[in-house]
Amino acid sequence: MVLPGGPDADSVPFAIAPDDLRQLARHDAASRTFPGGAGPLAALDTGGTEVRGTVLLVAGYTGSKEDFAPLLRPLAEAGYRVVALDQRGQYESPGPDDPAAYTVEVLGGDVIAVARVLRAESGEPLHLVGHSFGGLVTRAAVLAEPGLFTTFTLLGSGPSRLTGRRAELLDHLGPLLDAGGVPLVHQTLEQVAMTDPTAQAVPAPTREFYARRFLRNSDAGLRGMADAMLTEPDRVAELKATGMPVLVAHGEADDAWLPHVQADMAERLGARHEVINSSIHSPAVENPPRTLEVLCDFWASAQVRS
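Every position in the sequence shown, counted from 1, becomes a number in this note's numbering once 42 is added.
No false leads were slipped in.
Okay, the calculated beta carbon distance ranges per label pair:
(1) Ala243 / Gly165: 40 to 50 Å
(2) Gln229 / Glu309: 39 to 49 Å
(3) Glu119 / Ala162: 20 to 30 Å
(4) Gln229 / Gly312: 36 to 46 Å
(5) Glu232 / Gly285: 36 to 46 Å
(6) Pro188 / Gln229: 38 to 48 Å
(7) Pro275 / Pro247: 37 to 47 Å
(8) Asp276 / Pro217: 23 to 33 Å
(9) Lys282 / Ala221: 37 to 47 Å
(10) Glu335 / Thr273: 33 to 43 Å
Derived by calculation from the structure, the hints in this document are not laboratory data. Heads up, the beta-carbon is just placed ideally off N, CA and C, and yes, glycines get one too.
Using the sequences and the hints given, assemble the complete structure.
This is the structure we're talking about:
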């Protein structure tokens with residue numbers, strides 16, 4: 043979702059060049075699908091047999107697998123098989139017309155289904171990463187089937203429901219969908235985004251991709267995921283009880299779940315905590331080199347401990 047930055051965003055220079063294509067970064071991953079609970083789930087898969095492990099990347103609200111594009115080739119070169127996933131109702135993954143089919147638990151079931159295929163294809167280790175709302179979804183998967191995963195990373199995600207400015211925008215989603223469907227929501231968010239210099243600086247090809255992707259969102263998915271994101275309870279204690287090695291990583295000026303909220307979550311989890319400089323809410327496209335470094339170091343240290 044293209045949204046204005048938070049109050050500190052203007053002072054955060056991204057670690058990417060102004061003309062970087064972000065979600066359109068070149069990669070060698072192949073398009074494929076995985077079976078989900080409501081139909082095929084679109085993914086990008088770098089493949090590979092002699093690897094250090096498999097990484098499953100799950101996008102956030104109105105996002106897609108391309109939100110991890112700048113990481114795909116570097117992670118493959120580092121020895122990992124990488125799979126980035128569209129959730130149901132997002133971009134190239136179809137979804138049901140019922141908002142009730144987009145709860146965190148149901149979406150987490152899709153992640154489990156993909157993880158089982160990856161474990162069958164590549165074995166262990168399997169590292170799970172959830173970005174933003176994808177963090178809440180992947181947490182549900184970990185809580186339901188902790189034995190499937192070797193490590194878990196919450197990237198720009200939080201302990202419970204979304205609050206603040208982004209939550210206020212979601213409160214207006216239902217009436218907009220009722221009035222004009224997904225196209226009106228896109229038009230409205232674009233008008234808001236264009237008041238922000240950071241959004242204005244996005245290269246034209248990437249902006250065109252954002253528009254094409256957003257317009258392919260499911261109406262029911264937008265409603266159901268928004269409701270899930272605004273009602274999610276705090277499940278930090280449950281996650282800690284799994285004993286799963288967890289990394290909490292976020293941009294220095296995250297404007298969704300604020301940095302101090304994520305820091306507190308990490309402390310309560312006893313998790314590793316990393317702040318990614320030169321980024322706001324999407325470190326994978328705002329500072330790919332540092333995000334890559336943080337992830338690889340975490341996975342290496344977790345395997346050493348095991």
